[in-house]
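When you get a sec, could you build the whole thing from the sequences and use the hints?
Chains as they are written, first to last, in the numbering used here: chain H, 443 to 633; chain F, 2 to 718.
Note that these hints are calculated values from the structure, not bench results.
Where a beta carbon is used, it is the ideal one built from N, C-alpha and C, also for glycine.
Just to be clear, a hint being listed does not mean it is correct.
Just some of the chain H residues that point at chain F, by a computed CB distance under 10 Å [claimed, not checked]:
#1 R449
#2 L452
#3 V461
#4 L464
#5 Q466
#6 I470
#7 Q471
#8 S496
#9 A524
#10 R527
#11 H557
#12 F558
#13 E593
#14 C610
#15 A615
#16 V617
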Amino acid sequence: MVRPGWRGYLAVGLVLAGVWWLGQGAYIQVKAWLAQYLLQRAWEETLDGGGGISPWPWADTWPIARIQVDRLGVDQIVLEGASGRSLAFGPGHISGTAKPGAGGNSAISGHRDTHFRFLRELQDGDEIRLILPAGTELRYRVDQRGVYEQEDVWLLDRGERSLTLITCYPFDALVPGGSERFVVSARPVIL
Amino acid sequence: MFATRPTNSLWKDIAFTSLVSFGSGLLAALILGAVVLLLTSTVARADLTRSEEGTGPVGIDQVSRGSLLLKLASGGVSVDAPALTTDVEMEISGLLARVSVRQRFSNPGKQWVEGIYVFPLPQDAAVDRMRLRIGERIIVGEIQERGQAEKTYARARKEGRKASLLSQERPNIFTTAVANIGPGEEVQVELEYQQALRYDQGRFAVRFPLVVAPRFIPGTPLSGEEEVEFAATGWSHNTARVKDASRITPPVADPSGPQINPVTILVNLDAGFPLARLESRYHPVDILADENGRHQIRLQQAPVSMDRDFELSWVPDTGLAPQAALFTERWEAADYALLMLMPPTSGADSAPAPAREVIFVIDTSGSMHGASIKQARASLQLALSRLRPDDRFNVIQFNNQTHALFGQAVPAVSINIQRAVRYVGDLEAEGGTEMLPALERALSGEQPVGFLRQIVFLTDGSVGNETELFALIQQRLGSSRLFTIGIGSAPNSYFMTRAARFGRGSFTYIGTTAEVKQKMEGLFRKLESPVFTDIDIVWPDAVEVEMYPRKVPDLYLGEAVILTARLPQGVDQLEVRGERNGQPWQQRVDLRGGGASAGVHVYWARRKIAELMDQRATGETEEKVRAAVLEVALGHQLVSRYTSLVAVDRTPIRPEDEALDTKPVATNLPHGWSADRVFGVLPRTATSSHLQLLLGLMALSSGAWLRRLAKRIRRYG
Chain H
443 MVRPGWRGYL
453 AVGLVLAGVW
463 WLGQGAYIQV
473 KAWLAQYLLQ
483 RAWEETLDGG
493 GGISPWPWAD
503 TWPIARIQVD
513 RLGVDQIVLE
523 GASGRSLAFG
533 PGHISGTAKP
543 GAGGNSAISG
553 HRDTHFRFLR
563 ELQDGDEIRL
573 ILPAGTELRY
583 RVDQRGVYEQ
593 EDVWLLDRGE
603 RSLTLITCYP
613 FDALVPGGSE
623 RFVVSARPVI
633 L
Chain F
2 MFATRPTNSL
12 WKDIAFTSLV
22 SFGSGLLAAL
32 ILGAVVLLLT
42 STVARADLTR
52 SEEGTGPVGI
62 DQVSRGSLLL
72 KLASGGVSVD
82 APALTTDVEM
92 EISGLLARVS
102 VRQRFSNPGK
112 QWVEGIYVFP
122 LPQDAAVDRM
132 RLRIGERIIV
142 GEIQERGQAE
152 KTYARARKEG
162 RKASLLSQER
172 PNIFTTAVAN
182 IGPGEEVQVE
192 LEYQQALRYD
202 QGRFAVRFPL
212 VVAPRFIPGT
222 PLSGEEEVEF
232 AATGWSHNTA
242 RVKDASRITP
252 PVADPSGPQI
262 NPVTILVNLD
272 AGFPLARLES
282 RYHPVDILAD
292 ENGRHQIRLQ
302 QAPVSMDRDF
312 ELSWVPDTGL
322 APQAALFTER
332 WEAADYALLM
342 LMPPTSGADS
352 APAPAREVIF
362 VIDTSGSMHG
372 ASIKQARASL
382 QLALSRLRPD
392 DRFNVIQFNN
402 QTHALFGQAV
412 PAVSINIQRA
422 VRYVGDLEAE
432 GGTEMLPALE
442 RALSGEQPVG
452 FLRQIVFLTD
462 GSVGNETELF
472 ALIQQRLGSS
482 RLFTIGIGSA
492 PNSYFMTRAA
502 RFGRGSFTYI
512 GTTAEVKQKM
522 EGLFRKLESP
532 VFTDIDIVWP
542 DAVEVEMYPR
552 KVPDLYLGEA
562 VILTARLPQG
572 VDQLEVRGER
582 NGQPWQQRVD
592 LRGGGASAGV
602 HVYWARRKIA
612 ELMDQRATGE
622 TEEKVRAAVL
632 EVALGHQLVS
642 RYTSLVAVDR
652 TPIRPEDEAL
662 DTKPVATNLP
672 HGWSADRVFG
682 VLPRTATSSH
692 LQLLLGLMAL
702 SSGAWLRRLA
712 KRIRRYG
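As structure tokens, then:
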């Protein structure tokens with residue numbers, strides 16, 4: 443048996459690193475996708491009348507709404523809180539902004555490369571539906587899309603009843619941590 | 002057969018190694034190239050679809066185009082945009098400032114334009130008047146429900162009449178829109194607001210938020226000509242664009258350059274007492290004093306730094322400061338009073354603050370993971386180091402479970418402190434947020450005699466059962482005081498501000514680890530000084546009084562009681578009671594001798610609106626709040642989130658065949674806002690997933706390549 447030589451070691455090292463990176467990258471995607479399925483159960487329970495049902499015992503969050511965009515086939519469960527932890531599982535309602543359905547602006551943010559990737563496809567006039575734990579259905583219509591800086595926190599605290607969806611921008615930047623945000627605003631549809 | 006090759010393969014080795022490096026480099030470059038190509042093509046496609054849609058008035062590409070044009074504008078290139086000048090005049094008398102702001106829009110261009118200007122005003126400004134001045138004519142603005150006002154304005158705009166609309170975007174951000182400014186014409190919008198002076202540490206102050214040389218920006222019109230529902234599309238874009246603009250506008254750094262849009266400020270100050278000091282901290286001013294003790298302050302026209310608020314502050318001559326000040330106004334069959342009361346400063350001040358029992362509660366739930374828990378640890382360790390040996394303390398952490406370091410509060414001797422510092426250093430964020438048991442634990446326990454009991458609560462506040470928590474705080478508070486410290490980039494500041502209010506303490510926001518020291522110092526100063534507690538305002542029996550704030554907070558070093566009330570006519574006295582360092586203290590206030598002052602009712606109404614708006618966060622429905630705010634705002638003629646001032650000229654003046662361009666005006670907002678930045682930044686929402694996938698692919702393929710190569714070399718070698 444011949445010794446592998448440094449090239450061999452390097453090759454093995456590279457392959458291992460490659461597998462690890464692939465695994466990490468895929469894990470994020472799979473977790474994001476899988477978590478939504480796991481959340482379904484918690485959502486069903488929430489619909490049945492319990493509020494604040496955690497999907498698994500050690501979870502620090504709970505479903506508060508379901509967001510749907512028919513045109514794009516989007517159907518996701520929104521969690522409470524927009525901390526890094528909860529965003530891995532689903533879009534998160536930013537604490538401190540109005541609860542969906544209450545007065546004021548409700549802001550929801552999600553990862554640009556998983557759940558909220560669909561924001562880039564949204565167009566003005568698209569209808570967004572929010573289903574609340576009580577079963578109530580709220581309908582919004584997209585009326586603005588734009589790119590803002592992360593300091594533009596006034597976006598969270600503006601005017602009357604509206605829905606604001608926030609994700610990072612640009613959508614295809616490789617390195618996370620950019621300072622720009624893509625923001626979609628929608629106004630309630632009055633029936 | 003290969004083995005027969007020459008064994009000296011040094012050259013081959015070198016050649017192969019070079020080839021390998023070149024090859025893997027090429028591969029990496031190819032992959033990267035392909036990725037870049039892919040990305041740019043999708044971006045290009047996205048842009049294309051966007052501009053084809055044409056539905057959104059301002060697309061992403063247009064935002065950047067707008068900023069480019071702004072750059073030109075600020076670079077001195079002549080643009081066909083109107084100009085704005087602002088004159089500010091303040092009348093200060095007693096505790097109130099009446100401020101009039103005159104915005105002059107002039108249009109040097111050849112087209113009809115609409116000017117939209119977003120500008121900051123003080124947070125508590127009660128805007129109650131707007132006049133539109135066209136040449137010699139004055140049209141007085143009328144307060145209307147916001148939607149109605151927007152419609153009125155839009156109609157006038159379309160019909161070619163002159164009109165102006167003043168709306169409140171956020172408590173400190175307002176918008177003026179002026180329609181149909183003719184070529185070469187000047188139109189003035191005058192607005193007036195009322196504001197209470199600030200008093201802290203023996204110093205009175207008034208602020209006016211200044212903007213960096215505001216100027217009009219040309220840009221693509223915001224909405225189509227026939228778009229009547231401009232309110233639905235317009236406002237946020239304006240701010241978006243303006244905000245964007247402020248980012249790229251170079252600061253007014255070149256004093257030799259002409260000032261494009263000057264702001265003038267004139268203050269008439271009637272303090273009511275001799276002054277020891279009068280200063281404008283950030284801007285050079287000229288001061289003129291007359292024999293009656295009145296002062297006139299004027300902003301020097303020399304270049305001034307426009308990136309900060311204008312702040313004028315004054316200090317009464319020693320011993321001549323009033324101990325109480327009262328202003329009253331009779332308005333629509335009710336009396337309105339504004340009262341300021343300074344607690345006595347003698348004696349107790351020199352006495353050291355009593356020993357404290359401090360309960361630190363720290364949130365270690367999963368949402369605190371990362372930078373948040375680091376900030377929390379740093380803050381807590383700093384706080385521990387400030388305790389004195391005769392203080393007592395305990396540390397409680399909670400996630401889904403609550404755990405206390407000590408069974409009960411222990412003396413802050415060094416052995417205990419060391420143990421606590423270690424304990425805090427080891428805290429990790431994991432699990433759920435069960436705040437109730439932790440709060441319950443902190444609020445229970447006997448109040449040790451002779452100790453000031455303070456609960457310092459560090460959290461990001463991501464909880465859903467706020468109401469329950471507030472109820473608990475209210476029931477169990479006793480003589481404890483709750484100080485909340487908001488941690489992380491997006492803490493639930495509504496929860497924490499309100500929890501601190503119910504807990505009769507204060508809220509501190511720490512956004513970055515770098516801020517920990519400075520912010521905690523501020524909090525310590527409060528925690529460690531003598532304090533007036535349990536302040537109670539006692540009105541004569543059976544008098545119906547609506548007072549704001551509803552409950553007077555504790556007073557820390559150098560603060561004064563400031564309250565405003567609406568009372569039936571003829572109430573002539575009240576009593577203020579409280580405790581200072583455990584000693585009862587009371588003061589009777591005669592309501593008859595107060596100076597009459599116009600505008601007290603406006604101030605009262607503004608406070609009431611603020612209080613009502615706060616209720617939204619505690620679960621009140623918007624409909625109810627809106628109805629209540631509308632009643633106050635319409636009754637007292639105030640601009641609010643639901644009411645706007647609108648003025649419309651009678652005769653149409655823009656010829657029907659002339660188009661109207663919309664020109665938003667840029668302004669720099671950051672300084673007025675920094676105080677409001679309780680949210681930190683918008684959440685970060687990108688993962689490294691794509692980067693990792695790409696790196697993984699690259700590493701894998703170059704590894705495989707290398708391995709094959711290594712085999713070949715082995716065979717050749």
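Here is what the structure says about each hint:
1. At about 4 Å, the closest approach between the beta carbon of R449 (chain H) and any beta carbon in chain F falls short of 10 Å, and the interface hint on this residue holds.
2. At its closest, the beta carbon of L452 (chain H) sits 6 Å from a beta carbon of chain F; the interface hint therefore holds under the 10 Å criterion.
3. Annotation: V461 (chain H) was flagged as interfacial toward chain F, and the flag holds, the nearest CB pair being 7 Å apart, inside 10 Å.
4. The beta carbon of L464 (chain H) is positioned within 10 Å of a beta carbon in chain F (closest approach about 3 Å), and the interface hint is therefore held.
5. Given hint, Q466 (chain H) at the interface with chain F, holds; its Cβ is 5 Å from that chain's nearest Cβ, closer than 10 Å.
6. Because the closest C-beta pair between I470 (chain H) and chain F is about 4 Å apart, less than 10 Å, the hint holds.
7. Among the interface hints, the one on Q471 (chain H) holds; its C-beta lies about 6 Å from the nearest C-beta in chain F, closer than the 10 Å criterion.
8. The closest approach between the C-beta of S496 (chain H) and any C-beta of chain F is roughly 6 Å, which is under the 10 Å cut-off, so the hint is satisfied.
9. With a least beta-carbon distance of about 4 Å to chain F, the hint placing A524 (chain H) at the interface is held under the 10 Å criterion.
10. Proximity of R527 (chain H) to chain F holds as hinted, the smallest CB-CB distance being about 5 Å (cut-off 10 Å).
11. The closest approach between the C-beta of H557 (chain H) and any C-beta of chain F is roughly 9 Å, which is under the 10 Å cut-off, so the hint is satisfied.
12. For the restraint placing F558 (chain H) at the interface with chain F, the shortest Cβ-Cβ distance is roughly 7 Å, inside the 10 Å limit, so the hint holds.
13. Given the 10 Å rule on beta carbons, the hint for E593 (chain H) holds: about 6 Å separates it from the nearest Cβ of chain F.
14. Taken as an interface hint, C610 (chain H) checks out: its beta carbon lies about 4 Å from the nearest beta carbon of chain F, inside 10 Å.
15. A distance limit of 10 Å between C-beta atoms decides the matter here; for A615 (chain H) the minimum to chain F is near 7 Å, and the interface restraint holds.
16. For V617 (chain H), the suggested interface contact is upheld, since its CB lies about 6 Å from the closest CB of chain F, less than 10 Å.
Going down the numbered hints, you'll see the structure goes against none, and every one checks out.
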